[in-house]
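J.: Sequence:
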Amino acid sequence: MKRYWGLLGDAFWLVVTAGILVGGYLGYQTLGALKEPVAAAPIERELPVVDVRALDPHTQPVPIRGEGFIRPDRQVGLAAQISGRIEYLHPAVESRGQILRGEVLARLDDDDALASVERAQADILSTQADQALNESQFTRNQRLFERDIVSQEQMDELSSRKNQLAATLASQKSQLTSAQIQLERTEILAPFDATVLDQSATIGDVVSIGSAIATLYTHNELEVSVPISADAAGLVPGLFDGGAQPAIVTGRFAGERISWQAQVDRVDPSLDARTRTINVIVRLLDPGQATFGSGSMNLPSGAPPALINAFVDVVIEGARLPGIYTIPSTSLRDGDAVWLVGPDDTLTIHTARAVHVDGDITYVSIADVPQGARLVTSALDAAVDGMTVQTVDAAARTAALSE
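Note that this note's numbering has the sequence shown beginning at 136, numbered continuously upward.
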């Protein structure tokens with residue numbers, strides 16, 4: 136009896152299980168029939184937005200920039216060549232004014248030098264008188280010697296005396312020359328047109344040989360030594376052949392920007408041992424003629440001349456190169472490429488060769504630039520040649536239309 140009820144229970148659960156399976160299948164079919172079909176929709180991807188700017192050829196000379204300090208072409212310290220007391224100083228010494236070549240800068244007490252000159256002159260006159268007497272005696276005794284009245288020994292003595300007097304006269308003339316030189320050295324002359332930089336002695340001072348009196352410099356011949364790289368130097372036409380390329384020297388005075396016309400004068404024959412740069416010397420053409428950056432001079436003091444030791448910027452006119460463009464330095468990709476966008480908003484990658492870097496601006500050579508191409512200045516996660524992009528101005532127009 137128990138077995139009968141066990142088989143009946145198994146059959147019951149088998150029927151229940153089959154019912155569940157059949158019910159699930161029928162339910163799945165019913166839900167499937169009621170489900171609305173889903174159509175595939177295309178995915179719209181946003182175009183990358185980039186900043187662009189015009190790409191115009193650079194037709195002007197490439198500027199080579201540097202900086203340095205204004206210095207005189209010549210600067211000398213004048214010193215005494217003899218010992219003595221200063222009796223006179225040129226007024227320009229105390230006023231730090233200008234002095235012309237050949238003018239007396241300082242004069243020392245010349246009493247001793249004059250006395251030496253006069254003494255040497257007197258000695259010469261005395262010796263010349265002795266020579267005249269000796270010559271007269273020699274001529275007279277020569278006739279007597281021919282008549283055997285005067286001996287050979289007497290003639291030899293007169294001849295020896297004549298030679299002694301000639302030697303004495305030569306020595307005295309040398310002493311006179313030396314005394315005259317000492318007298319000339321009591322006056323210290325300006326060796327060139329100059330301005331007095333500083334004063335080291337004053338009237339009444341007793342100076343010795345080598346004592347400094349004043350320092351002079353060429354106020355009308357000023358220059359700036361500009362260190363530039365070898366790459367930049369290679370862009371200056373005629374740099375090593377004596378070419379006088381134009382340049383502009385610019386400084387600041389009392390808040391005003393001041394410029395002077397200049398030109399390349401020469402170049403040092405060696406590289407700087409520490410910086411490995413080349414020193415190019417630029418000469419100011421007219422140190423007294425300045426141009427104000429504002430176009431007018433507004434200083435009560437008036438326009439200053441070029442002041443030595445002033446720190447200045449220098450721009451040397453470099454070469455004019457074909458196929459050159461100026462771009463922001465950050466727009467040069469991987470050091471040798473630029474991204475351009477054509478009129479059809481297609482991005483292309485072009486090889487670019489950096490010719491000169493001028494701070495935030497780089498001068499590059501780009502071959503085969505498409506007509507109307509613009510330079511991409513912004514970043515892209517992944518730039519692919521031929522990809523379509525959207526410029527910032529186009530994106531702004533689209534956003535305005537959608538509002």
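It is possible that some hints are incorrect.
[As the list claims (entries may be wrong)] For each label pair, taking beta carbons as the anchor points, the in silico distance ranges come out as:
(1) 233 <-> 388: 36 to 46 Å
(2) 212 <-> 495: 38 to 48 Å
(3) 345 <-> 260: 53 to 63 Å
(4) 456 <-> 398: 15 to 25 Å
(5) 496 <-> 324: 50 to 60 Å
(6) 416 <-> 366: 43 to 53 Å
(7) 375 <-> 488: 17 to 27 Å
(8) 212 <-> 416: 41 to 51 Å
(9) 523 <-> 434: 49 to 59 Å
Hint data in this document are derived by calculation from the structure and do not stem from the laboratory.
For every residue, glycine included, the Cβ atom is placed at its ideal position computed from N, Cα and C.
J.: Does each hint hold? Answer for all of them.
T.: Hint check:
| no. | hint | verdict |
| --- | --- | --- |
| 1 | 233 <-> 388: 36 to 46 Å | violated, 20 Å |
| 2 | 212 <-> 495: 38 to 48 Å | holds, 44 Å |
| 3 | 345 <-> 260: 53 to 63 Å | violated, 35 Å |
| 4 | 456 <-> 398: 15 to 25 Å | holds, 21 Å |
| 5 | 496 <-> 324: 50 to 60 Å | holds, 52 Å |
| 6 | 416 <-> 366: 43 to 53 Å | violated, 19 Å |
| 7 | 375 <-> 488: 17 to 27 Å | holds, 23 Å |
| 8 | 212 <-> 416: 41 to 51 Å | violated, 22 Å |
| 9 | 523 <-> 434: 49 to 59 Å | holds, 58 Å |
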